[in-house]
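Peer 1: Residue numbers (the working numbering), protein chains in the order written: chain H, 1 to 220; chain R, 1 to 267; chain W, 1 to 180.
Among the hints, erroneous ones may be present.
[Claimed, not checked] No farther apart than 25 Å at their CA atoms in a straight line, the calculated lysine-lysine pairs in the BS3-like style are these:
#	chain 1	residue 1	chain 2	residue 2
1	R	237	R	213
2	R	213	R	41
3	R	41	W	46
4	W	51	W	114
5	W	175	W	114
6	W	175	R	41
7	R	237	R	184
8	W	175	R	184
9	R	213	R	184
10	H	78	R	184
The set of hints was computed from the structure by calculation and includes no laboratory data.
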Amino acid sequence: MADPAAPRSPFAPWDRRELPGLFTVEESARRVGHYAWIEMRLFEALGGWVATVPELDVKTTLGRHCYHHAWHAELWHKRLPELREMRPERLIAAPNAALEAFVAALTEPEAADLTVEKLVGVFRVLLPRKIAAYTYHLAATSRITDGPTIRSLGFILDDETTDWREGEMLLQSLIGTDEEVARAARRQAELEVLINRAGGIAGPGSLGAQPAPSTVGAPS
Amino acid sequence: MRKSFPASDLARDSRFRRARTEDRFEDPRNEYLPQGRRPGKLTPERPDAAHAARQMMHGIFVGEIQALEGAGRTVWDFDDTEAPFALKLDMARQCWDEARHTEISVKLGDWMGTGIGEFAETAFLYQAACNPDPVLRLTGVNRALEGLAIDVFNTMREFGQACGDPVLEFCEDWMLADEVTHVKMGSDWLRRLTEHDPERRERALEFQRVVDKLFSFRGFRGEGEDSPIQLARTFRKMAGFGDAEIDTIAADARDDADEEGWKAPVG
Amino acid sequence: MIVTVDPPAFSLVYFDAGRIAALTGEVGALVGLPDDVRVGIEVDEKSPFGKAWGALSGRSATLSVEGGAFEDPQRLRQFSDAGARLVLARLLYRVADRLDPAFGDPPADPDLTKAEHAAWDAYSLGRYAARTGLDAGQGKRRYAFRIRHGFDDASDRAFDQLWYGSGLSWPDIEKICTPA
Numbered sequence: 001m002a003d004p005a006a007p008r009s010p011f012a013p014w015d016r017r018e019l020p021g022l023f024t025v026e027e028s029a030r031r032v033g034h035y036a037w038i039e040m041r042l043f044e045a046l047g048g049w050v051a052t053v054p055e056l057d058v059k060t061t062l063g064r065h066c067y068h069h070a071w072h073a074e075l076w077h078k079r080l081p082e083l084r085e086m087r088p089e090r091l092i093a094a095p096n097a098a099l100e101a102f103v104a105a106l107t108e109p110e111a112a113d114l115t116v117e118k119l120v121g122v123f124r125v126l127l128p129r130k131i132a133a134y135t136y137h138l139a140a141t142s143r144i145t146d147g148p149t150i151r152s153l154g155f156i157l158d159d160e161t162t163d164w165r166e167g168e169m170l171l172q173s174l175i176g177t178d179e180e181v182a183r184a185a186r187r188q189a190e191l192e193v194l195i196n197r198a199g200g201i202a203g204p205g206s207l208g209a210q211p212a213p214s215t216v217g218a219p220s
Numbered sequence: 001m002r003k004s005f006p007a008s009d010l011a012r013d014s015r016f017r018r019a020r021t022e023d024r025f026e027d028p029r030n031e032y033l034p035q036g037r038r039p040g041k042l043t044p045e046r047p048d049a050a051h052a053a054r055q056m057m058h059g060i061f062v063g064e065i066q067a068l069e070g071a072g073r074t075v076w077d078f079d080d081t082e083a084p085f086a087l088k089l090d091m092a093r094q095c096w097d098e099a100r101h102t103e104i105s106v107k108l109g110d111w112m113g114t115g116i117g118e119f120a121e122t123a124f125l126y127q128a129a130c131n132p133d134p135v136l137r138l139t140g141v142n143r144a145l146e147g148l149a150i151d152v153f154n155t156m157r158e159f160g161q162a163c164g165d166p167v168l169e170f171c172e173d174w175m176l177a178d179e180v181t182h183v184k185m186g187s188d189w190l191r192r193l194t195e196h197d198p199e200r201r202e203r204a205l206e207f208q209r210v211v212d213k214l215f216s217f218r219g220f221r222g223e224g225e226d227s228p229i230q231l232a233r234t235f236r237k238m239a240g241f242g243d244a245e246i247d248t249i250a251a252d253a254r255d256d257a258d259e260e261g262w263k264a265p266v267g
Numbered sequence: 001m002i003v004t005v006d007p008p009a010f011s012l013v014y015f016d017a018g019r020i021a022a023l024t025g026e027v028g029a030l031v032g033l034p035d036d037v038r039v040g041i042e043v044d045e046k047s048p049f050g051k052a053w054g055a056l057s058g059r060s061a062t063l064s065v066e067g068g069a070f071e072d073p074q075r076l077r078q079f080s081d082a083g084a085r086l087v088l089a090r091l092l093y094r095v096a097d098r099l100d101p102a103f104g105d106p107p108a109d110p111d112l113t114k115a116e117h118a119a120w121d122a123y124s125l126g127r128y129a130a131r132t133g134l135d136a137g138q139g140k141r142r143y144a145f146r147i148r149h150g151f152d153d154a155s156d157r158a159f160d161q162l163w164y165g166s167g168l169s170w171p172d173i174e175k176i177c178t179p180a
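With the rest of the complex left out, here is chain H (with noise of 0.2 Å):
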């Protein structure tokens, strides 16, 4: 056995963690706050969809699934104190007028016979901005001074891809004909059109940096 009094480093030998990192307290703050009004969103559509989709699977998916946004939401909330923001509120916000509007276009449709659209708004659109915008924020901030970030990006990436994998996977028992393949194509450009413009689910930036998006068409 180590003699317990030999001095070892607090970082074990396989731990490579570096301070640096891309994100001040500020900025992570202001992501923070984006990601709890994506969450708020999200859990409150997919709860209004339960009654409008005939498919019971469907149904019972979003009703799971709306409690994974909500607590996602909820731990974004208690995020915020903690980065030294103590009016949460004041940042639980939506980057842009860009992502309002994308909100209001993933939101609209209600009609029963309208599961797939649903879907793939949520599924092929919105998580994978989400899932991209997570693990791009875990990428870049700091390993060590943004630990408790880290921990809940990591908890809810895991909901995030089981989420999506779910999603897809419905999606793709629903879609059966080429005119159903069309219309599922349709309202993802639709969608990643308003997206796009919004720079993602954080603004521009959401993928650190890239290219300004086009404006072209986009609502002044």
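Position chains R and W against the provided structure of chain H, taking the given hints into account.
Peer 2: Relative to chain H, chains R and W alone:
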């Protein structure tokens, strides 16, 4: 998506059939029902025990779907000024619970030999979840309806125990635990949201009483030996009901049962 | 088989006596009831409950049915062909068994225990399922049987013997249902 979603539009697949509440009350056979001819408490001793348990199971199943839909609508219908974020979190949690209960009910229906949509569905439950005031909605759903769910699950749990059905007893016990949590949520939010508004609290409690009376089904739920669903006093107390409140529900159920005519609800 | 239905016309429910008679004839033939047997169906249309039982006197059977037994569980006061067929199969197999001297001498319907009812119903509907290729509500009958005979493997084996059985006598049924 609209901010208020009527019961008539609830989305269902082709197996389901909606029964009109009026049809049940206007059934001309009601006037011929002999006094005292009630199915009675759900026990294995009833000759129709299997059928009655299956029918109740199907009622639970559609009730869970509607409870899921109702909780989901509360998450969507109100903005942050009408319903606090923490309330919506509780309702989202309830969505997950009711989704689980729906799944459990489908499996239990299979186990008992019932098919999805075998019995007609009424939208009683969801209608109570359409109140435009979030406090009234929460009180009607989480205290009246989830309170009824406590009674139903306890009745089914005891039925499972009595006839030695380990699957039914196991599942109902788990669902019962969730329902106690939901009623506690309702009790907590009623207190918190009406702390400085006694008039609103009174309106909410009155709405709860109306819903409770509706769901006493002319003695269908009560403490009488002939009530198929028995009032579960112990679990209701765990969920935050006071003795006086439970006494009122029991008394209302007795009054209802004494009314002439009786018709078991379906779904 | 001679079939009569009482009442000849219904006013509280949307039942048709002719349809009930036709279904009775159809199921009776499938069950193998002889042509000389008289079957009288007495429907209590006032009752939404679902009790149904039979009595045999010589070559005449009387089937007493509360209206709810023939009612479509999805549609209030509407007749269910499928449901009525199952009720009739259950009752008419009993009539056929009672008419068969080789079957033995079971108690009259009101004197049967709940466990005996469940066992005979399983045997009757199992034969109906075999003759028609329909499911005939096996899951429902198995659950009803378990309530009376136990939620264990022995009970399930007994149910399977009844459901898939043929040529059983009343003593056979009693023996199958007697725990070892």
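Peer 1: Check each numbered hint from earlier against the structure, then list the numbers of those it violates in ascending order.
Peer 2: 6 and 8
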